[in-house]
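Per our numbering, the very first residue in the sequence shown carries number 3; after that it's consecutive.
Derived from the structure by calculation, the hints contain no laboratory data. Beta carbons: idealized from backbone N, C-alpha and C, even for Gly. Careful: at least some of the hints might be erroneous.
Derived Cβ-Cβ restraints for the label pairs, each shown as a range [claimed, not checked]:
(1) Met3 x Thr277: 51 to 59 Å
(2) Glu590 x Asn64: 27 to 35 Å
(3) Lys388 x Glu320: 36 to 44 Å
(4) Lys480 x Arg358: 39 to 47 Å
(5) Glu136 x Glu491: 37 to 45 Å
(6) Ser427 x Lys494: 38 to 46 Å
(7) Glu136 x Lys494: 35 to 43 Å
(8) Ala278 x Glu164: 41 to 49 Å
(9) Thr277 x Glu491: 46 to 54 Å
Pairs of lysine-lysine, BS3-like flavour, derived with a Cα cap of 25 Å [as the list claims (entries may be wrong)]:
(10) Lys105 x Lys92
(11) Lys316 x Lys288
(12) Lys280 x Lys595
(13) Lys512 x Lys403
(14) Lys420 x Lys396
(15) Lys507 x Lys487
(16) Lys375 x Lys587
(17) Lys420 x Lys547
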Amino acid sequence: MQSLSDEELAGKTEEFNRELRNGKTLNDLLVPAFAVVREASRRFLNMRHFDVQLIGGMVLHNGMISEMKTGEGKTVVATLAAYLNSLEGKGVHVVTVNDYLAKRDTEWMSKLYNSLGVSVAFITNNLTDEERREAYSADIVYSTNNELAFDYLRDNMKFSQEDMVQRGFHYGIVDEVDSILIDEARTPLIISGPVEENNQIYKHINKIVTKLVDYDYEVDEKGRTVFLTEDGISRVEELLRSYNLIPENSSLYDTDSMIMTHYIDQALRAHKLFTADKDYIVKDGKVVIIDEFTGRMMEGRRYSDGLHQALAAKENLEIQHENQTLASVTFQNYFRMYNKLSEMTGTAATEAEEFRDIYRLNVVKIPTNVSVKRVDIDDEIYGTEKEKFNAVLKFIEECHKHLQPVLVGTVSIENSEKLSALLQSHSLKHSVLNPRYHEQEAYIIAQAGVPGSVTIATNMAGRGTDIQLGGNAEMIAKVELKKIKNADEREKKYQEIVERLKKDKEIAIKAGGLCVVGTERHESRRMDDQLRGRSGRRGDPGLSKFFLSLEDDLMRIFGSDRMRSFLQKVGLKNNEAIHHPWINKALEKAQKKVEARNYDVRKSLLKFDDVINNQRKVIFKQRNNILGNEINDLFEVYSEVNESVVEGIIQSGYYED
3 MQSLSDEELA GKTEEFNREL RNGKTLNDLL VPAFAVVREA SRRFLNMRHF
53 DVQLIGGMVL HNGMISEMKT GEGKTVVATL AAYLNSLEGK GVHVVTVNDY
103 LAKRDTEWMS KLYNSLGVSV AFITNNLTDE ERREAYSADI VYSTNNELAF
153 DYLRDNMKFS QEDMVQRGFH YGIVDEVDSI LIDEARTPLI ISGPVEENNQ
203 IYKHINKIVT KLVDYDYEVD EKGRTVFLTE DGISRVEELL RSYNLIPENS
253 SLYDTDSMIM THYIDQALRA HKLFTADKDY IVKDGKVVII DEFTGRMMEG
303 RRYSDGLHQA LAAKENLEIQ HENQTLASVT FQNYFRMYNK LSEMTGTAAT
353 EAEEFRDIYR LNVVKIPTNV SVKRVDIDDE IYGTEKEKFN AVLKFIEECH
403 KHLQPVLVGT VSIENSEKLS ALLQSHSLKH SVLNPRYHEQ EAYIIAQAGV
453 PGSVTIATNM AGRGTDIQLG GNAEMIAKVE LKKIKNADER EKKYQEIVER
503 LKKDKEIAIK AGGLCVVGTE RHESRRMDDQ LRGRSGRRGD PGLSKFFLSL
553 EDDLMRIFGS DRMRSFLQKV GLKNNEAIHH PWINKALEKA QKKVEARNYD
603 VRKSLLKFDD VINNQRKVIF KQRNNILGNE INDLFEVYSE VNESVVEGII
653 QSGYYED
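Using the sequences provided together with the hints, build the complete structure.
Take a look at the structure:
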């Protein structure tokens with residue numbers, strides 16, 4: 003391939019198309035097609051695929067999950083399978099976790115695809131229907147899971163086929179598959195419309211709930227439920243009467259008052275189970291949901307069944323109308339529509355059983371190009387959260403002294419800001435990466451590998467930008483060269499940045515590479531692995547360590563009583579940490595409990611949606627047949643339905659002579 007000119011290399015695409023028309027299969031073309039992509043990547047992206055990346059591409063083409071460590075170049079791996087499968091001319095969807103990555107990957111990889119005569123486009127949430135239709139007509143489309151699934155639902159609510167934007171489900175490559183098909187699969191996607199009703203009721207109910215005391219309700223944090231006690235029911239009934247919300251001498255469970263139990267339940271959940279800066283934030287006078295797995299704001303998404311209104315009342319915000327469901331689909335059933343599906347991620351092995359059972363996907367671990375040199379130190383466990391944060395502070399100060407870059411992972415915005423305040427009080431310069439500072443995300447990550455830097459991150463899943471030791475030249479140049487207009491000056495300044503970062507990289511390597519500090523264990527082991535995986539990129543040295551306390555949510559809610567009694571017997575002294583392999587095993591068991599529970603939630607959701615999905619498929623198919631003029635006379639459809647209904651009535655025997 004190296005001996006071909008650029009034109010001859012581009013001509014290979016038409017040659018492959020011709021061979022497919024003459025009876026060859028994609029498997030027959032795999033070797034030459036991959037060779038073409040690798041050569042194009044070398045010429046136009048200055049990146050030649052490693053052998054392990056070629057293996058990853060083969061796994062993707064075969065409809066399996068390619069598990070590759072962070073920094074192993076999953077974005078480039080996807081180009082191999084995407085190009086090969088695009089040759090059939092039916093479209094390839096590459097699914098990312100956010101709009102930024104969809105746009106970035108399209109712009110980055112378009113040089114490669116365009117050099118081979120393959121069209122590429124991206125879809126984000128601000129496109130019109132016309133722009134979406136045009137994008138879907140491209141050979142390869144980059145988009146988010148939400149946009150693709152919502153377009154599917156919207157298409158099936160259109161009044162003519164010309165208004166539809168998608169063109170079928172041929173082949174999909176899902177990036178960060180565990181985040182999309184596991185973590186986000188607990189919640190169905192819903193298109194809703196407003197319901198006219200009296201929103202003031204939420205404010206009244208909110209006032210009532212704030213007057214309840216501890217013995218009026220019980221909270222089950224493990225099951226994420228809250229309910230009224232008998233005392234609580236009496237107290238609520240008394241308060242409802244005082245606000246004239248239920249008649250005198252009536253009960254909360256009288257037929258006419260039953261609706262009030264729903265409002266009370268949602269208000270209780272809003273106050274007792276949902277926490278500001280952890281589950282949601284208030285932005286521009288609205289409640290914005292925080293994705294518990296990526297720490298990102300989910301603009302435009304709302305809780306259903308009045309919970310969003312209850313949260314708005316709790317925060318004393320303007321209350322918008324409650325919604326009714328117009329169309330819905332789960333990610334499981336949406337992605338099962340693809341003729342062929344494959345995925346990439348850094349962490350899938352822990353959920354291999356679920357991928358196999360639900361999606362019929364096998365996980366294949368791809369070896370790293372260079373062996374991992376990261377050192378993972380045992381966890382340290384403290385009695386209280388305050389002691390834990392003090393230990394984290396000392397550890398960061400020690401690393402900072404040696405100019406070792408530090409990435410600190412937290413599980414909530416609240417904790418990241420608490421830690422940030424602690425570092426500020428000790429005059430430790432640092433950057434904070436959480437939804438409040440979403441816009442500077444790529445630049446903050448680009449700087450995270452600079453010697454002596456300290457970066458606090460709320461969850462690192464699906465960030466899509468590698469932390470390079472010394473810093474990321476491209477990202478840093480984007481910011482530093484913004485104001486320089488002269489081309490020669492820009493080039494000179496860019497070379498200075500590259501030279502500076504080379505020296506910085508050597509300093510960071512001597513200091514021990516990136517040090518990852520976990521301030522709490524996540525509910526899922528995968529999230530811990532994703533945080534750890536940011537260090538030790540492509541053979542770089544690295545270090546990782548987790549600091550825990552008995553007050554952490556995981557330890558408090560899911561840790562076994564045996565573990566707590568063991569720690570009490572040992573007798574934890576102030577500022578003393580426990581290191582014990584038995585504790586690590588107990589923690590792993592607690593995480594497995596949570597994962598098993600979440601899997602059950604997803605299985606239950608899928609069972610319910612499977613029933614709806616069968617109906618959805620029939621109705622959507624009939625609808626599309628009518629819109630596509632495949633049925634010339636609607637009377638035929640009516641007659642068939644009428645006949646089956648009458649037949650059903652006769653068979654059931656519910657008729658009179």
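Going down the list of hints, with the structure as the test:
Taking the beta carbon of each, Met3 and Thr277 are about 56 Å apart, inside 51 to 59 Å as hinted. Distance hint check for Glu590 and Asn64: the Cβ-Cβ separation is about 32 Å, which falls inside the suggested range of 27 to 35 Å. Checked against the given bound of 36 to 44 Å, the beta carbons of Lys388 and Glu320, roughly 38 Å apart, stay inside it. Range check, Lys480 to Arg358: about 42 Å between beta-carbon atoms, so the 39 to 47 Å window is met.
Between Glu136 and Glu491 the C-beta distance comes to about 38 Å, which sits within the given range of 37 to 45 Å. At about 41 Å, the CB distance of Ser427 to Lys494 agrees with the hint of 38 to 46 Å. In this structure the hint that Glu136 and Lys494 lie 35 to 43 Å apart at CB holds, the actual value being about 40 Å. For Ala278 and Glu164, the Cβ-Cβ distance of about 46 Å falls inside the hinted range of 41 to 49 Å, so the restraint holds.
For Thr277 paired with Glu491, a C-beta distance near 50 Å keeps the hint of 46 to 54 Å intact. Straight-line distance between C-alpha atoms of Lys105 and Lys92 comes to about 22 Å, which keeps the hinted pair within the 25 Å bound. Between Lys316 and Lys288 the CA atoms are separated by roughly 12 Å; this keeps the pair inside 25 Å, and the hint holds. At roughly 22 Å between alpha-carbon atoms, Lys280 and Lys595 fall within 25 Å of each other, so this suggested pair holds.
Distance hint between Lys512 and Lys403 is fulfilled; the C-alpha atoms sit about 13 Å from each other, no more than 25 Å. Proposed proximity of Lys420 and Lys396 is supported: the alpha carbons are some 15 Å apart, at most 25 Å. Only pairs whose Cα atoms come within 25 Å are accepted, and Lys507 paired with Lys487 is rejected, the gap being roughly 28 Å. Pair hint Lys375 plus Lys587 holds up; C-alpha atoms about 24 Å apart against a cutoff of 25 Å.
Under the criterion of a C-alpha separation no larger than 25 Å, the hint pairing Lys420 with Lys547 is consistent with the structure, at around 19 Å.
When each numbered hint is compared with the structure, a violation occurs for hint 15 only.
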